[in-house]
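Student: Chain by chain, the residues run as shown.
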Amino acid sequence: MTEAMIRVVLVDDHALFRSGVRAELDRAVPDVTVVGEAGSVDEAVAAIRHHRPDVVLLDVHMPDGGGAEVLRQLRPELPDVVFLALSVSDAAEDVIAVIRAGARGYVTKTISGRELADAVRRVHGGDPVFSPRLAGFVLDVFSQKPGAAPPGDPELDLLTRRERDVLRLLARGYAYKEIAGELFISVKTVETHVSSVLRKTQLSNRYELSRWASDRRLV
Amino acid sequence: MNTPTPPLARRRTGRLVAGVAGGVADHLGIPVTWVRAAFIALAAMWWAGALAYGLLWVFVRQESSDVERSTPRRERQQALGLAALGVAAALTAAALGNDLVGWIVGPLGVAAVGAALVWREADEGQRRRWTGSGGRNALWRTVAGALFVAAGIAVFLFGQLQLGQVQFALLAVLATLVGVGVLTVPWWVRLVRELTEERRERIVETERAEIAAHLHDSVLQTLALIQRQSDQPREVARLARGQERELRAWLYGPGGYGRGAAALDEGLTAALAAAAAEVEDTYAVTVAPVVVGADRTLDDHLRALVLAGREAMVNAAKHAGVAEVSVYCEVEDDEVNLFVRDRGSGFDPDDVPGDRHGLADSVHGRMGRHGGTVRLRSTPGEGTEVHLAMPVRTHEEAAT
Chain A
1 MTEAMIRVVL
11 VDDHALFRSG
21 VRAELDRAVP
31 DVTVVGEAGS
41 VDEAVAAIRH
51 HRPDVVLLDV
61 HMPDGGGAEV
71 LRQLRPELPD
81 VVFLALSVSD
91 AAEDVIAVIR
101 AGARGYVTKT
111 ISGRELADAV
121 RRVHGGDPVF
131 SPRLAGFVLD
141 VFSQKPGAAP
151 PGDPELDLLT
161 RRERDVLRLL
171 ARGYAYKEIA
181 GELFISVKTV
191 ETHVSSVLRK
201 TQLSNRYELS
211 RWASDRRLV
Chain B
1 MNTPTPPLAR
11 RRTGRLVAGV
21 AGGVADHLGI
31 PVTWVRAAFI
41 ALAAMWWAGA
51 LAYGLLWVFV
61 RQESSDVERS
71 TPRRERQQAL
81 GLAALGVAAA
91 LTAAALGNDL
101 VGWIVGPLGV
111 AAVGAALVWR
121 EADEGQRRRW
131 TGSGGRNALW
141 RTVAGALFVA
151 AGIAVFLFGQ
161 LQLGQVQFAL
171 LAVLATLVGV
181 GVLTVPWWVR
191 LVRELTEERR
201 ERIVETERAE
211 IAAHLHDSVL
221 QTLALIQRQS
231 DQPREVARLA
241 RGQERELRAW
251 LYGPGGYGRG
261 AAALDEGLTA
271 ALAAAAAEVE
281 DTYAVTVAPV
291 VVGADRTLDD
301 HLRALVLAGR
311 EAMVNAAKHA
321 GVAEVSVYCE
331 VEDDEVNLFV
341 RDRGSGFDPD
351 DVPGDRHGLA
361 DSVHGRMGRH
371 GGTVRLRSTP
381 GEGTEVHLAM
391 PVRTHEEAAT
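Chain order of the listed sequences is A and B.
Heads up: the first sequence runs through residues 1 to 219, numbered per the UniProt record's numbering.
Heads up: the second sequence runs through residues 1 to 400, numbered per the UniProt record's numbering.
I should point out that these hints are in silico values taken from the structure, not numbers from a laboratory.
This structure is a prediction, so every number in the text was calculated from the model and none was measured.
Treat the hints with care, as some may be off.
To be verified - In silico DSBU-like links for lysine-lysine, alpha-carbon gap of 35 Å or less:
(1) Lys-109(A) <-> Lys-318(B)
(2) Lys-177(A) <-> Lys-109(A)
(3) Lys-177(A) <-> Lys-188(A)
(4) Lys-188(A) <-> Lys-109(A)
(5) Lys-318(B) <-> Lys-177(A)
Claimed, not checked - Sample of chain B residues lacking proximity to chain A, with all beta carbon distances greater than 10 Å (derived):
(6) Arg-61
(7) Val-143
(8) Thr-282
(9) His-364
Glycine included, C-beta positions come from ideal geometry on N, C-alpha and C.
Start from the sequences and build out the full structure, keeping to the hints where you can.
Tutor: Put into structure tokens, the structure is as follows:
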């Protein structure tokens with residue numbers, strides 16, 4: 001079991017929250033271990049460099065730059081470390097910003113310990129984690145608004161029909177396995193679609209992606 | 001030299017007249033003597049240098065008081081010499097011109113020197129706030145300055161006496177106004193600045209008070225309630241969830257604190273959020289609505305959709321036996337789809353007892369009356385999903 005342990009660094013500026021998550025993961029989940037904690041961007045960069053964890057649980061909101069800043073400093077240097085955003089923020093632009101900076105998923109802090117462990121395992125396995133809310137945000141980003149600018153790069157700026165179906169089901173609260181059953185495809189295919197959506201969210205220069213963040217007032 | 005260019009600010013210490021030359025030198029990164037020489041050279045050209053100096057004096061703010069620098073005695077003397085040279089050059093230039101120019105420029109020059117004296121006092125006074133602690137010297141210098149201004153204007157006027165009495169009276173009034181205006185320029189400029197500063201501070205203060213009040217009314221009260229009921233986990237969860245929702249709406253919601261944009265009060269998103277909140281509060285479950293697409297104002301059809309959706313949430317909360325209900329709403333141009341899903345016990349739709357009216361009346365009936373459809377999927381042991389679809393009229397149709 002020891003070699004299969006997933007090593008996690010926890011980054012959040014609230015010590016109370018860190019200790020809560022740590023206790024929950026240590027108690028309930030045998031294959032996930034918290035090897036380090038950090039309470040600021042600088043501490044996070046140092047801790048991640050030192051521990052070289054498998055997964056980093058990253059708070060979106062922190063003083064001096066937040067999760068996006070940690071990603072900006074470490075992504076080029078440590079491409080093997082996987083980041084999972086963990087936040088109370090519901091502001092769509094914050095979430096999308098962290099995803100675009102390189103996080104492999106986004107879950108809200110109200111998630112249970114077991115679900116969090118599942119999410120950690122999944123990003124560690126290479127699959128993105130889309131909470132229903134993130135799926136909704138991404139659908140909104142790629143929505144076909146009347147009068148929207150034509151896509152600059154159709155490969156990146158548009159979702160395929162299948163990807164859209166998968167995202168809709170994610171937003172409806174379906175698990176990957178349930179989506180696979182619903183669409184008569186394999187779980188592997190669902191994962192491929194979600195990965196593709198994540199890639200498009202990160203790389204697309206779609207006109208709305210910047211404008212959308214500024215003019216969206218609904219959450 | 002990677003240090004950024006300092007913003008243009010008059011020197012407070014180590015200055016000769018008003019610190020203008022020093023400030024310009026700091027800003028441009030050149031020796032102060034060059035700047036002074038340039039002002040003097042310009043002054044010889046019909047007082048252009050003096051005018052520029054005066055304007056900079058009025059409109060450039062003084063640097064903050066924590067910068068200390070000393071002026072060597074030699075530099076002081078050099079600068080004084082330069083200033084004297086400048087005045088002489090300018091006067092000569094004026095005298096070399098025709099009589100009229102000489103007449104006008106001469107007395108106005110005296111008035112300008114007077115104004116300079118008074119303004120210099122105003123600069124000093126900014127440190128002392130004119131509280132009287134300036135002492136005799138300050139008062140004396142101000143009076144002397146005022147006298148200079150008065151004398152200059154008087155001489156200028158006596159030169160114009162032949163214009164006649166009416167014009168003289170007009171000129172006198174005008175001259176007095178100009179004199180008062182010139183003398184008080186520094187105070188006006190300062191007044192405006194201080195008012196702006198004060199307003200900014202007041203806004204920050206109000207903001208802070210509002211946040212404190214809000215946190216007190218909401219978070220602190222809830223925390224107190226939670227402490228008193230800490231032996232009832234369900235109640236604690238309900239309180240925490242309700243408070244979280246409220247705070248979230250305040251921070252990130254439409255028209256919330258972090259946005260400032262006007263909210264669509266009667267919109268579909270708000271109505272759905274309110275319905276979910278009610279169900280959460282009543283049944284102590286988590287209902288998190290996700291809405292995709294542009295918000296719409298509520299009409300009868302959408303109101304029916306929200307009410308039917310609310311009933312579906314209530315059913316899930318009451319019968320599914322789980323702590324979380326997923327709600328997803330997608331707004332399209334011609335249709336709004338609402339999904340309410342739980343992973344609870346599920347049921348067989350054909351098996352529903354006849355006395356359960358919720359699904360039949362509140363959901364099916366309501367949707368049917370407004371032209372919507374209901375699809376229900378439930379598998380015992382895996383959960384239930386209610387899919388409500390409501391066609392909506394496009395804006396063009398609504399307008400006709």
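Student: Against each hint, give a clear statement of whether it holds in the structure.
Tutor: Evaluated hints:
1. About 25 Å separates the Cα atoms of Lys-109(A) and Lys-318(B), which keeps this hinted pair within 35 Å; it holds.
2. At roughly 23 Å between alpha-carbon atoms, Lys-177(A) and Lys-109(A) fall within 35 Å of each other, so this suggested pair holds.
3. For the hint linking Lys-177(A) to Lys-188(A), the alpha-carbon distance of about 9 Å falls within 35 Å, and the restraint holds.
4. The straight-line distance between the Cα atoms of Lys-188(A) and Lys-109(A) is roughly 27 Å, inside the 35 Å bound, and the hint therefore holds.
5. Among the hinted pairs, Lys-318(B) with Lys-177(A) is consistent with the structure: their alpha-carbon atoms are about 26 Å apart, no more than 35 Å.
6. Against chain A, the non-interface label of Arg-61(B) holds: every CB pair exceeds 10 Å, the least being about 30 Å.
7. Every CB of chain A is more than 10 Å from the CB of Val-143(B) (nearest about 55 Å), matching its label as outside the interface.
8. For Thr-282(B), the condition that its CB be more than 10 Å from all CB atoms of chain A holds, with the nearest at approximately 19 Å.
9. With a least beta-carbon separation of about 21 Å from chain A, His-364(B) lies farther than 10 Å from that chain, consistent with its non-interface assignment.
The structure meets every hint from the earlier list without exception.
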